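Asks: Whenever a hint applies, use it, and build me the whole structure from the sequences.
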Amino acid sequence: MVSRQYAIAGLSFALTATVFLTSCAVPAYDEKMDNQLTELQQSMDAGLGAIQGYSLFYERLSKNTAAGKLALEKAREKCGFESSYSFYNDTEARINTLLVRLSVTPDVPQGPVNALTSLQKNFISLKDMHASHQPCLNSVNFIVKRKQLRGDFYPLYSYLLQTKVGVPDSQSAQRFNAP
Numbered sequence: 001m002v003s004r005q006y007a008i009a010g011l012s013f014a015l016t017a018t019v020f021l022t023s024c025a026v027p028a029y030d031e032k033m034d035n036q037l038t039e040l041q042q043s044m045d046a047g048l049g050a051i052q053g054y055s056l057f058y059e060r061l062s063k064n065t066a067a068g069k070l071a072l073e074k075a076r077e078k079c080g081f082e083s084s085y086s087f088y089n090d091t092e093a094r095i096n097t098l099l100v101r102l103s104v105t106p107d108v109p110q111g112p113v114n115a116l117t118s119l120q121k122n123f124i125s126l127k128d129m130h131a132s133h134q135p136c137l138n139s140v141n142f143i144v145k146r147k148q149l150r151g152d153f154y155p156l157y158s159y160l161l162q163t164k165v166g167v168p169d170s171q172s173a174q175r176f177n178a179p
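Residue numbers (the numbering used here): 1 to 179.
For the record, the hints were derived by calculation from the structure and aren't laboratory data. What you were told as hints is all true, and nothing was included just to trick you.
Per label pair, the in silico range of CB-to-CB distance: (1) 101 - 65: 45 to 55 Å; (2) 164 - 134: 35 to 45 Å; (3) 68 - 131: 20 to 30 Å; (4) 67 - 147: 32 to 42 Å; (5) 141 - 42: 17 to 27 Å; (6) 29 - 124: 24 to 34 Å; (7) 65 - 157: 39 to 49 Å; (8) 43 - 103: 18 to 28 Å; (9) 92 - 147: 11 to 21 Å; (10) 71 - 164: 45 to 55 Å; (11) 107 - 63: 54 to 64 Å; (12) 53 - 32: 27 to 37 Å; (13) 66 - 36: 43 to 53 Å; (14) 107 - 59: 40 to 50 Å.
Small disclaimer: the values here were computed from a predicted structure and weren't measured. Where a beta carbon is used, it is the ideal one built from N, C-alpha and C, also for glycine.
Replies: Here you go:
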């Protein structure tokens, strides 16, 4: 009878320890996702910076001289949506790839998925805004949108860093799923 109680107590302890250890499991670090996210941010920031620069140049050009009119026409070509179309499509495809990859990764808290979804929505919003403002989108709009997009990257990098150093899933879930 006593040995049966010890067996039940041992089984109970083992079950409790298993539940505790699995609740503290660390999601696997995804180096490929980390690299893709870094490349995405770098190319997005460089592309948007170039468009923003052309827009600012366009806004400041003098329309009063022949040289100014020629420079204005060249700047209009560079800051217009048509010249940035492939950049927008390539970047959107890269965001979609990361979103699919993150969505199918086991044990990922909803927060990083939400952050990447927010990045996708904000980028598409910028793309649509740029397409509707011809010949060029105002440089101030680019500044605001770029800050917003940069903010979407922070929780993603934080999540990847936590998985890299081994922060338990229950702790990262609390951080990323907090209201």
